[in-house]
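> Next come the chains, spelled out residue by residue.
2 protein chains.
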Amino acid sequence: MKLYCGVGPNSYRVRIFMAEKGVDLPRVEVDLFKGEHKFPEFLKLNSLGQIPVLMLDDGTVITESVAICRYLEELNPEPPLFGREPVGRAKVEMWNRRVELQVMGTIGDYTFHTNEFFKDRVPQFPGFGEAQKLNVPRKWEWLDREMADGRPFIAGEQFSIADITAGVAAWLGEFFEIERPASLPNVNRWLERVRSRPSWNAQ
Amino acid sequence: MKLYCGVGPNSYRVRIFMAEKGVDLPRVEVDLFKGEHKFPEFLKLNSLGQIPVLMLDDGTVITESVAICRYLEELNPEPPLFGREPVGRAKVEMWNRRVELQVMGTIGDYTFHTNEFFKDRVPQFPGFGEAQKLNVPRKWEWLDREMADGRPFIAGEQFSIADITAGVAAWLGEFFEIERPASLPNVNRWLERVRSRPSWNAQ
Numbered sequence: 223m224k225l226y227c228g229v230g231p232n233s234y235r236v237r238i239f240m241a242e243k244g245v246d247l248p249r250v251e252v253d254l255f256k257g258e259h260k261f262p263e264f265l266k267l268n269s270l271g272q273i274p275v276l277m278l279d280d281g282t283v284i285t286e287s288v289a290i291c292r293y294l295e296e297l298n299p300e301p302p303l304f305g306r307e308p309v310g311r312a313k314v315e316m317w318n319r320r321v322e323l324q325v326m327g328t329i330g331d332y333t334f335h336t337n338e339f340f341k342d343r344v345p346q347f348p349g350f351g352e353a354q355k356l357n358v359p360r361k362w363e364w365l366d367r368e369m370a371d372g373r374p375f376i377a378g379e380q381f382s383i384a385d386i387t388a389g390v391a392a393w394l395g396e397f398f399e400i401e402r403p404a405s406l407p408n409v410n411r412w413l414e415r416v417r418s419r420p421s422w423n424a425q
Numbered sequence: 223m224k225l226y227c228g229v230g231p232n233s234y235r236v237r238i239f240m241a242e243k244g245v246d247l248p249r250v251e252v253d254l255f256k257g258e259h260k261f262p263e264f265l266k267l268n269s270l271g272q273i274p275v276l277m278l279d280d281g282t283v284i285t286e287s288v289a290i291c292r293y294l295e296e297l298n299p300e301p302p303l304f305g306r307e308p309v310g311r312a313k314v315e316m317w318n319r320r321v322e323l324q325v326m327g328t329i330g331d332y333t334f335h336t337n338e339f340f341k342d343r344v345p346q347f348p349g350f351g352e353a354q355k356l357n358v359p360r361k362w363e364w365l366d367r368e369m370a371d372g373r374p375f376i377a378g379e380q381f382s383i384a385d386i387t388a389g390v391a392a393w394l395g396e397f398f399e400i401e402r403p404a405s406l407p408n409v410n411r412w413l414e415r416v417r418s419r420p421s422w423n424a425q
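If you read the protein sequences in the order shown, they are chains A and B. Using my numbering, the first residue of the first sequence is number 223, and each one after it goes up by one. Using my numbering, the first residue of the second sequence is number 223, and each one after it goes up by one.
In short, the hints are calculated from the structure, not lab data. It is possible that some hints are incorrect.
No distinction is drawn between identical chains; accordingly, a pair holds when it is met within one copy or between any pair of copies.
[What the hints assert, rightly or not] Below are the SDA-like pairs computed for lysine to any residue, each with C-alpha atoms no more than 25 angstroms apart in a straight line:
| # | residue 1 | residue 2 |
| --- | --- | --- |
| 1 | K243 | N357 |
| 2 | K243 | G310 |
| 3 | K243 | F255 |
| 4 | K256 | A404 |
| 5 | K243 | R306 |
| 6 | K266 | L406 |
| 7 | K266 | G378 |
| 8 | K243 | R311 |
| 9 | K243 | E296 |
| 10 | K266 | E414 |
| 11 | K266 | P407 |
| 12 | K260 | R367 |
| 13 | K224 | G378 |
| 14 | K341 | N268 |
| 15 | K341 | P262 |
| 16 | K260 | L278 |
| 17 | K266 | P403 |
| 18 | K266 | W364 |
| 19 | K243 | P308 |
| 20 | K266 | G228 |
| 21 | K260 | P374 |
| 22 | K260 | N423 |
The task is simple: from the sequences and hints, build the whole structure.
Printed below as a string of structure tokens:
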């Protein structure tokens, strides 16, 4: 089994996930700045030209970060990062999607529509990107209100993949200098908790 | 347990899923055209103002279609619609995300950015919406190439939630009169297979 990965938020999500599980895998570095993810040999692995990609020993290819993480969870069930029982697992799925679509997605819209790097990926509409940049603080405020019940992690009492997704969204927003309001007590406490975990520094 | 649902692609996904499982639930109809999903009482259930929403008997709320489906799968494991073993489950997660992000998402961009109904949901950039409309046929062509190995369903040999997502994307694209090229032998055969299932008519 080997992992094709590189810079960027999705490879980082999988690296944090692996660090939380205490697993490591042989890796193949894909250099996005050289455009290696668009080279014909790579497109044979993932026709969408995206990393990360997990290749199993029999040649089976798994793409999409969350699918890779879910497979690694099956091989390494402890600690569970997709929830512990049916309702817990439903809440992790719900919250991972909510932070992915609401927070990460809004940051993504800004970067896809304004960054030179993505000019071939989508038709870029910089006005839309800038409007979404202004929406990002509202999304963090929404998350702060949702966490006003004092729960330590996004999906409840336990750290989960939803915390990884939202933590990486915070990291990405800082990288692109997108405002995250300072006055978010619940988000700030949560983010401190997530960033104090050794997995945050996963290379 | 009860399901808040109404018109639109996400409620339809859950209805098809339930029909495939042979389960039914008490329902509360949420009238999107009256804006009931933005009423204060509904926003207490789902602060994002979206349907469907599953409420459990103890008052726990599960939002996000795929989270609702995953919970229903836990209660009703047969037939499995999220895959049968670890690699199968990884492929279903991968393909459900691929068709959701690539096909459904591109159709969604068009509707969100051009339809009066969504004018308060995102800052609308009709030029972006129209550009994404032109991308939809390319996404179907991509899926057709991916299915050239002759597999009957999107994630492999078995019908799964990925087929529900892609089938509903086809339905949504037709509703909004977005082109799906006629010359897609693999997609056409697959879509005929999906539409011939009784679940397609789930009300």
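> Compare the structure with each hint and give your call.
How the hints compare with the structure:
Taking identical chains as interchangeable, the C-alpha atoms of K243 and N357 are never at most 25 angstroms apart, the minima being 34 angstroms within one chain and 39 angstroms between chains. Taking identical chains as interchangeable, the C-alpha atoms of K243 and G310 lie at most 25 angstroms apart whether they share a chain (18 angstroms) or sit on different chains (21 angstroms). In this homomeric assembly, K243 and F255 never come within 25 angstroms of each other (Cα to Cα): the closest approach is 29 angstroms inside a single copy and 46 angstroms across copies. Proximity of K256 and A404 under a CA criterion of 25 angstroms is satisfied in neither setting, with 36 angstroms inside one chain copy and 37 angstroms between copies.
In this assembly of identical chains, K243 and R306 lie within 25 angstroms of each other by CA distance both inside one copy and across copies; the values are 15 angstroms within and 23 angstroms between. Taking identical chains as interchangeable, the C-alpha atoms of K266 and L406 lie at most 25 angstroms apart only when they sit on different chains, with a minimum of 21 angstroms there against 44 angstroms within one chain. In this homomeric assembly, K266 and G378 come within 25 angstroms of each other (Cα to Cα) only across copies, at 18 angstroms, whereas the closest approach inside a single copy is 40 angstroms. For the identical chains of this complex, K243 and R311 are neighbours both inside a copy (17 angstroms) and across copies (19 angstroms), given an alpha-carbon limit of 25 angstroms.
When the C-alpha separation of K243 and E296 is checked against a cutoff of 25 angstroms, the pair qualifies both within a copy, at 11 angstroms, and between copies, at 24 angstroms. When the C-alpha separation of K266 and E414 is checked against a cutoff of 25 angstroms, the pair qualifies neither within a copy, at 40 angstroms, nor between copies, at 28 angstroms. In this assembly of identical chains, K266 and P407 lie within 25 angstroms of each other by CA distance solely across copies; the values are 21 angstroms between and 46 angstroms within a copy. In this assembly of identical chains, K260 and R367 lie within 25 angstroms of each other by CA distance solely across copies; the values are 17 angstroms between and 41 angstroms within a copy.
In this assembly of identical chains, K224 and G378 lie within 25 angstroms of each other by CA distance solely across copies; the values are 22 angstroms between and 32 angstroms within a copy. Proximity of K341 and N268 under a CA criterion of 25 angstroms is satisfied intra-copy only: 20 angstroms inside one chain copy versus 35 angstroms between copies. With identical chains, the CA atoms of K341 and P262 are at most 25 angstroms apart within one copy only, with a shortest distance of 19 angstroms there and 41 angstroms across copies. Within a single copy, K260 and L278 get their C-alpha atoms as close as 21 angstroms, which meets the 25 angstroms cut-off; across copies the closest is 46 angstroms, which misses it.
In this assembly of identical chains, the alpha carbons of K266 and P403 lie at most 25 angstroms apart only when taken from different copies (24 angstroms versus 42 angstroms within one copy). When the C-alpha separation of K266 and W364 is checked against a cutoff of 25 angstroms, the pair qualifies only between copies, where the shortest distance is 13 angstroms, while the shortest distance within a copy is 40 angstroms. Both within a single protomer and between protomers do K243 and P308 lie at most 25 angstroms apart by alpha-carbon distance, with minima of 21 angstroms and 17 angstroms respectively. Taking the shortest alpha-carbon separations for K266 and G228, only the intra-copy value of 18 angstroms comes in at or below 25 angstroms, while the best inter-copy value is 41 angstroms.
When the C-alpha separation of K260 and P374 is checked against a cutoff of 25 angstroms, the pair qualifies neither within a copy, at 40 angstroms, nor between copies, at 28 angstroms. For the homomeric pair K260 and N423, neither the shortest alpha-carbon distance inside one copy (28 angstroms) nor that between copies (41 angstroms) is at most 25 angstroms.
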